[in-house]
Amino acid sequence: MTSGAVPVKTNAGQAELSTRQRRVSQRHRTVLFLIDGKRSAAEVCRMALLAGVPASCFDELLAQGLIALPAALVAAPAVAVPADVPAEAGTLHVDLPLQAVDSMNASLDSILPPSRTLQPESTLSAESMLDEARGVDPWAVSQEAATNAGTDAVEDAVTEARELLTNAVRTHAPVAGSLTLLRLRRAGSRAELAALLREVEARLNKPHRSLVAAQMLQRVRALLGEQVDSTLSPA
Numbered sequence: 003m004t005s006g007a008v009p010v011k012t013n014a015g016q017a018e019l020s021t022r023q024r025r026v027s028q029r030h031r032t033v034l035f036l037i038d039g040k041r042s043a044a045e046v047c048r049m050a051l052l053a054g055v056p057a058s059c060f061d062e063l064l065a066q067g068l069i070a071l072p073a074a075l076v077a078a079p080a081v082a083v084p085a086d087v088p089a090e091a092g093t094l095h096v097d098l099p100l101q102a103v104d105s106m107n108a109s110l111d112s113i114l115p116p117s118r119t120l121q122p123e124s125t126l127s128a129e130s131m132l133d134e135a136r137g138v139d140p141w142a143v144s145q146e147a148a149t150n151a152g153t154d155a156v157e158d159a160v161t162e163a164r165e166l167l168t169n170a171v172r173t174h175a176p177v178a179g180s181l182t183l184l185r186l187r188r189a190g191s192r193a194e195l196a197a198l199l200r201e202v203e204a205r206l207n208k209p210h211r212s213l214v215a216a217q218m219l220q221r222v223r224a225l226l227g228e229q230v231d232s233t234l235s236p237a
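One rule links them: number in the working numbering = place in the sequence shown (from 1) + 2.
Any given hint might turn out to be false.
[Claimed, not checked] List of simulated lysine to any residue pairs, SDA-like, C-alpha gap at most 20 Å:
id	residue 1	residue 2
1	Lys11	Ala70
2	Lys40	Pro72
3	Lys40	Leu64
4	Lys11	Lys40
5	Lys11	Asp158
6	Lys11	Asp154
7	Lys40	Asp158
8	Lys40	Arg24
9	Lys11	Val26
10	Lys40	Ala57
11	Lys40	Ala155
12	Lys11	Gln23
13	Lys40	Val10
[As the list claims (entries may be wrong)] Listed next, with one range per pair, are the computed distances between beta-carbon atoms:
id	residue 1	residue 2	range
14	Ser180	Val10	30 to 38 Å
15	Asp158	Leu213	19 to 27 Å
16	Gln16	Arg200	19 to 27 Å
17	Gln16	Ala204	30 to 38 Å
No lab work stands behind these hints: they were computed from the structure. Think of the CB as a built atom: it goes at the ideal place given N, C-alpha and C, for glycine as much as any other residue.
Hey, can you work out the whole structure from these sequences and the hints?
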């Protein structure tokens with residue numbers, strides 16, 4: 003694994019999150035959720051460890067083809083030059099009589115239309131002409147794309163926060179936290195998850211609670227837009 007590389011989900015990985023066709027474990031799904039195309043492999047594994055997921059899950063997803071690293075991409079093969087073509091073949095020159103050249107130029111002038119130059123101030127493009135013909139407002143399209151991107155980011159943050167909290171409760175309080183686990187699965191918004199933070203913290207608030215659990219809660223608060231204690235943030 004190249005720790006500095008940024009992993010991405012493959013098409014199969016994206017499909018697994020929605021279809022569960024390969025039935026990978028919840029730990030593997032947590033790693034898939036953490037991979038967003040921005041975090042490095044080292045950061046993904048570190049955050050997975052905070053949620054109780056071993057680093058081996060990352061390598062297993064890589065072996066199954068559900069995620070990929072840019073460093074593993076195979077370079078396009080070079081185009082082979084046929085053996086029967088000389089490497090430095092000379093340019094073929096054909097001498098034409100001057101009379102034939104003049105006759106050819108005259109024929110081309112009679113066939114080709116006069117050339118026209120596009121004015122510098124013209125900003126027409128194929129895309130803008132098609133949009134105008136369809137009655138599409140480019141500004142409205144860009145606004146809609148920005149709105150969709152913002153919605154996807156919020157949904158990803160909620161999903162990641164839910165996975166972190168669920169794994170933490172399942173690891174540290176599998177029996178006493180059964181009701182909390184049920185509420186976490188039903189929570190579908192930032193506000194609902196934020197309302198469960200104190201309950202989860204109470205399940206983990208034991209004398210032997212590790213710094214890892216505290217840092218995981220800080221990560222969840224950051225995802226949900228809650229106040230974060232900087233003294234517990236990981237370096």
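Results for each hint:
no., hint, verdict
1, Lys11 with Ala70, "holds, 6 Å"
2, Lys40 with Pro72, "holds, 12 Å"
3, Lys40 with Leu64, "holds, 17 Å"
4, Lys11 with Lys40, "holds, 11 Å"
5, Lys11 with Asp158, "holds, 14 Å"
6, Lys11 with Asp154, "holds, 16 Å"
7, Lys40 with Asp158, "holds, 13 Å"
8, Lys40 with Arg24, "violated, 25 Å"
9, Lys11 with Val26, "holds, 14 Å"
10, Lys40 with Ala57, "holds, 18 Å"
11, Lys40 with Ala155, "holds, 12 Å"
12, Lys11 with Gln23, "holds, 15 Å"
13, Lys40 with Val10, "holds, 8 Å"
14, Ser180 with Val10: 30 to 38 Å, "holds, 35 Å"
15, Asp158 with Leu213: 19 to 27 Å, "holds, 26 Å"
16, Gln16 with Arg200: 19 to 27 Å, "violated, 34 Å"
17, Gln16 with Ala204: 30 to 38 Å, "holds, 36 Å"
Checked against the numbered hints above, the structure violates hints 8, 16; every other hint is satisfied.
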